[in-house]
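**Student:** Given chain A's structure and the hints, the job is docking chain B onto it.
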Amino acid sequence: MPLNSFGRPLLLAAGFGTVLSMTTALSGVARAAEDAPVVNGVSQVHITLVGDNGGACLIDYDHIKAGPITFTVTNKTATAITEVEIQSDNRILGEKENLAPGLPAVALTLTLGGGSYQVYCPGAGQELQTFTVTGKAAAAATGTTAQLLQDGTIGYAKYVAGVAASMVDAVTILKADIDAGDLAKAKAEYPLARPFYERIESDVDSFVLPGFKATDNAGSLDYLIDMRASALDPKVGWHGFHAIERDLFQNNAITAETKSQAAELLTHVEMLAKLTPTLTYKPEDLANGAADLLEEVQTTKVTGEEEDFSHIDLLDFAGNVEGAQQAFAFLEPGMMKIDPDLTARVQAEFAKVNAMLDTYRDKTQPGGYELYTAQIKAADAAKLSKAIQALQEPLSKIGEKVATAEK
Amino acid sequence: MADTSTKASSLSRRGMLFGATAGAVGVAAHAAAFAASPAQSGDDMVDLTKSHPFYGDAQQAGISTEPQRHSMFMTFDLTTAKVGDIQVLLALWSAAIAQMMQGATIGQVEPPQDSAVGLDTGEALNLGPASLTVTIGLGPKIFTDIYGLSHQRPPLLRELIALPSDSLVPGLTGGDLSVQACADDPQVAYHAVRDLARIAKSTGSAQTRWTVMGFGRASAGRGQQTPRNLLGFKDGTRNLKEDAEFEKFVWVKDGPAWQRYGSYQVVRKIQMHIENWDTDRVSDQNNVFGRHKVSGAPLTGKTEFDTPDFAKTDASGNTVILPTAHIALAAHENNNGIRILRRSYNYTDGLNQFGQLDAGLFFMSYQNDPAHFEALQTRLGASDALNEYIAHIGSGIFFAPPAPKQGEYIGQAIFS
Chain A
1 MPLNSFGRPL
11 LLAAGFGTVL
21 SMTTALSGVA
31 RAAEDAPVVN
41 GVSQVHITLV
51 GDNGGACLID
61 YDHIKAGPIT
71 FTVTNKTATA
81 ITEVEIQSDN
91 RILGEKENLA
101 PGLPAVALTL
111 TLGGGSYQVY
121 CPGAGQELQT
131 FTVTGKAAAA
141 ATGTTAQLLQ
151 DGTIGYAKYV
161 AGVAASMVDA
171 VTILKADIDA
181 GDLAKAKAEY
191 PLARPFYERI
201 ESDVDSFVLP
211 GFKATDNAGS
221 LDYLIDMRAS
231 ALDPKVGWHG
241 FHAIERDLFQ
251 NNAITAETKS
261 QAAELLTHVE
271 MLAKLTPTLT
281 YKPEDLANGA
291 ADLLEEVQTT
301 KVTGEEEDFS
311 HIDLLDFAGN
321 VEGAQQAFAF
331 LEPGMMKIDP
341 DLTARVQAEF
351 AKVNAMLDTY
361 RDKTQPGGYE
371 LYTAQIKAAD
381 AAKLSKAIQA
391 LQEPLSKIGE
401 KVATAEK
Chain B
1 MADTSTKASS
11 LSRRGMLFGA
21 TAGAVGVAAH
31 AAAFAASPAQ
41 SGDDMVDLTK
51 SHPFYGDAQQ
61 AGISTEPQRH
71 SMFMTFDLTT
81 AKVGDIQVLL
91 ALWSAAIAQM
101 MQGATIGQVE
111 PPQDSAVGLD
121 TGEALNLGPA
131 SLTVTIGLGP
141 KIFTDIYGLS
151 HQRPPLLREL
161 IALPSDSLVP
171 GLTGGDLSVQ
181 ACADDPQVAY
191 HAVRDLARIA
201 KSTGSAQTRW
211 TVMGFGRASA
221 GRGQQTPRNL
231 LGFKDGTRNL
241 KEDAEFEKFV
251 WVKDGPAWQR
261 YGSYQVVRKI
271 QMHIENWDTD
281 RVSDQNNVFG
291 RHKVSGAPLT
301 GKTEFDTPDF
311 AKTDASGNTV
321 ILPTAHIALA
331 AHENNNGIRI
341 LRRSYNYTDG
351 LNQFGQLDAG
361 LFFMSYQNDP
371 AHFEALQTRL
381 GASDALNEYI
391 AHIGSGIFFA
401 PPAPKQGEYI
411 GQAIFS
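One line per chain: the protein sequences are A and B, in this order. Quick note, the first sequence lines up with residues 1 to 407 if you use this note's numbering. Quick note, the second sequence lines up with residues 1 to 416 if you use this note's numbering.
There could be a bad hint or two in this list.
[Claimed, not checked] FRET-style restraints, in silico, Cβ to Cβ:
| id | chain 1 | residue 1 | chain 2 | residue 2 | range |
| --- | --- | --- | --- | --- | --- |
| 1 | B | Ile161 | A | Lys363 | 44 to 52 Å |
| 2 | A | Pro101 | B | Lys293 | 50 to 58 Å |
| 3 | A | Gln250 | B | Ala81 | 35 to 43 Å |
| 4 | B | Asn318 | A | Ser260 | 30 to 38 Å |
| 5 | A | Ala348 | B | Gly118 | 53 to 61 Å |
| 6 | B | Val282 | A | Asp341 | 18 to 26 Å |
| 7 | A | Asp151 | B | Lys293 | 28 to 36 Å |
| 8 | B | Ile161 | A | Ser260 | 22 to 30 Å |
| 9 | B | Asp77 | A | Gly54 | 52 to 60 Å |
[As the list claims (entries may be wrong)] Cβ-to-Cβ under 8 Å is the rule here; a few derived chain B residues that face chain A:
| id | residue |
| --- | --- |
| 10 | Pro164 |
| 11 | Gln353 |
| 12 | Gln356 |
Bear in mind the hints are in silico, worked out from the structure with no lab data behind them. All C-beta atoms, glycine included, are put in the ideal place defined by N, C-alpha and C.
Next comes chain A alone, as it looks inside the complex:
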C-alpha cells in the first residue's frame, strides 16, 4: 500500500483539521506536491478499511486532481464497516456497499470538479474524512432554480439505482447463506441486506407485476418484498424479507420454504434493480418520497413493528432517514434559492435526528445499531417519534415549494 511508502499515517485523522495541519507541519510534507497519481487520465485513489482503533477508513491521498477519479476500496480487516460513500455537502455522489474482509477490491469512478469532498464510512472510529480536489472548480450551483432542481433529480435517480444494485448484491449473499443452510451466517447477513429497501422504498413501492390488478397483493412488488404481519393478506400469505426474518429469528430454522422465499426475493429485487435506472423524477417526487419514508419511520420503526423478529428496527430507521435526507439533499441547491430559511430548518432537524440515531450505534451488531429491545422502546420510543415529527412538519412544505418553483 502506498500508505506506508508515503509515510502519511496522519490520514487516520484526516477529519480533524487541526490535527492534520499540525502533523503536516511536523513532517514537513508539502501536500500540494502529492496529488494522487494519474493513469490514463484517471486519478487513482485507494480507500482501505482496517479494524484498528475501532475501525478506520484510510484514503491514501487527500489531494486529487479535478477530473475522473477511480476510488478502489478494499476491506482488509474492518469487520464493523461495510460501506463507503463519497459525499459533497451530504449528497452521496457514489458509494460502495457490502464490503467485508476477504472480498475482492471494488472500484468506483466519479468525475469531480475542484472543491472539498468527504469520504464517509459509517461505523468507523472516524466516520467522516475530507479530501480536496484541486483544479477547476465544478460548475457552481448557479443555474436557474429549475435547472438546479432538475440536476438534483438526476443525481437522486443515480442514488436510487445505486442502492437498488447494492440490494441485489446483499440479497445474493443472504440467499447463498440460506441455500447453504448456514443459520448463523444468514442471521448476520439479514441486517446487512435490509437497509437498502428502506432507503428507496418510496420510489419503488408502487410496481405491479405484469398481468396483475393494482388491488391484488399477489402482484404487488412492495407486498412481495416487504410485507409484514400487520399488512398480511391471508390470501397471498407471507413473502419477502420478513418471511425470511421470521424463519431465521423466530423459528430458528432454514427450511425448503425459506430457500424458495430467498430465491423469490432475489428475483424481485433484481427486477427493481433493472427498473430503477429507467425511473425519472420530478422535484416534488423527491420531496414526497422523503415524506413517505418518514411516515414509514413513524408507523413501523418507532413501533418496532417492521422487524418484529430480528429487532433491527433502528437500522431500518436509519435507512429511512438516509433515504429521506438524500432526497432532500439533492433538492437543497434549488431549495436554497427558493427558501433558505426553510432549507435551514430542515437541515437542522435532520442533524438532530442523525445525532439522536448516533447514540444507538453499536459496532458489535451486524448493521451497526443496537437492537430495538422492549426496554429501549419503552424508554425511547416517544423521543424518537417526536424527533421525526419535528422533521416531518417543515419537510412537508418542500413539495409545494419545488413544484411551484419558477421555471
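**Tutor:** What follows is chain B alone, placed relative to chain A:
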C-alpha cells in the same frame, strides 16, 4: 311516548347548542368562493330536550336514529354461568335505559340514609334526555351450550374471520355484551354507560372489557349534513338513509319473531396515523379517498352526491379514481351491490406511548349479514390506499335484537 318531544317553551340557553349553523354565518362569504361548499342547513341544530323511546315494536333505537353528536361504547364479559343471571341483568339494564332515555335518573342520587350509596351517579342530573339512545348487543358466547341457548343463536352470528391488515389488540376486541350509548351531550352518554356498568358489577354477572368514547359523529343520517372524520374528509356520503334501504340491507327479516328487526352490529376501533396524514400532500389525500377534501365530490364529479365514475380515465389512460382509492374499494357498484349502515364516531385517547396523537375512527356498522362487512373489509384491508394511514386495532361482533315492548326487557323471548 312521542318520538321527538320538543318542548319549545322549555328551551333555554343551556338547552340549545348551535353547531355547524353558528359557524356557517361567519364563513359564508368565504365559503361562497368555493362553489363546492354546500349551504349549511339548520337541521343540525341540537335540542337537548329531545328524547327517543326505548320500547317499541321493531328495531332498537340508536341504529336508524339520526346519529347524535357523541357516543360511549363499552363491551362486557359475562362472569356468570347461569342463564338466569343474564335475564336479570338484561331486565335491570332495560329498565335503567328506559329511565335514562327520558332524561330521568335510575334511582336516588343522594339517599336519605347516611350510610347508603346512591343508585344513580348523578352527573347527568338536569342535562335533559339529549336524544340519548342506548343500544344493546348480544355476543356469540350467549348463544352457546353454557347457557343452553345454542338453539336460539341468530343464524349468522359468529366471530368475524381474520381480515387482511388486522392489527387487533387483544384488550380491544370481543365481549359478550355491547352497550352503545349516543347522545347530544357527551356527559349524558357517559353517564348511561357508567351506570349500566355499575348495575353489571352489582349483579356480579358481567364485568367491563373495553370501551371507546366518541365525538363528532362521523356518519350522517337522514336529513343531516355529511360530517367529517379526523382525516378531514366527509364520511358517509353514500350511507344508507332511506327506509327501503334499511329494510333491504340492515334489518333481519326472517327467522324467529324475536330476531326480526334485529341487526348484526360490527365495531372496529380504527387508529389513524395523524401526524403522517397531516404532512401528506392534499393531492395524495384526495387520491387516497377518491374524493375532494372540502366538497366531498368524487374526483370524477363536481358536488358531493355526484355518483363516482370508476371507469373514467385521464389523458394518460389511468382511471381518475385509483382502483385502490378508498371509495373505489368500498363502493357497492364494485361489491356486488353490498351495502352496510355506518354509524361511526371519531375518538381520541390523547397521546400514545410514542408521543403521537392517539386518535381515529370508532367504526360501527349494522347489516343483516356480517359477511357483508367481511366482504368489504377483505378488499379494503388488502389494498386500500388508506391503509398507509390507519390500523384496525379493535373489533367486535354482536346481534342487536329488536326493541322490547313496554313491560318486557330486551331479548326476553330468547329465554322463553
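**Student:** Run every hint past the structure and note whether it holds.
**Tutor:** Evaluated hints:
1. Ile161(B) x Lys363(A): 44 to 52 Å: Holds, since Ile161(B) and Lys363(A) (Cβ atoms, about 47 Å apart) stay within the stated range.
2. Pro101(A) x Lys293(B): 50 to 58 Å: holds (55 Å)
3. Gln250(A) x Ala81(B): 35 to 43 Å: About 38 Å separates the Cβ atoms of Gln250(A) and Ala81(B), which means 35 to 43 Å holds.
4. Asn318(B) x Ser260(A): 30 to 38 Å: This hint holds: roughly 34 Å between Cβ atoms.
5. Ala348(A) x Gly118(B): 53 to 61 Å: Given range 53 to 61 Å: holds, Cβ gap about 57 Å.
6. Val282(B) x Asp341(A): 18 to 26 Å: holds (23 Å)
7. Asp151(A) x Lys293(B): 28 to 36 Å: Since Asp151(A) and Lys293(B) have Cβ atoms about 34 Å apart, the given range 28 to 36 Å holds.
8. Ile161(B) x Ser260(A): 22 to 30 Å: holds (27 Å)
9. Asp77(B) x Gly54(A): 52 to 60 Å: About 56 Å separates the Cβ atoms of Asp77(B) and Gly54(A), which means 52 to 60 Å holds.
10. Pro164: holds (4 Å)
11. Gln353: Gln353(B) check passes; min Cβ-Cβ to chain A is 6 Å, inside 8 Å.
12. Gln356: Interface hint status for Gln356(B): holds (6 Å vs cutoff 8 Å).
Checked against the numbered hints given earlier, this structure breaks none of them.
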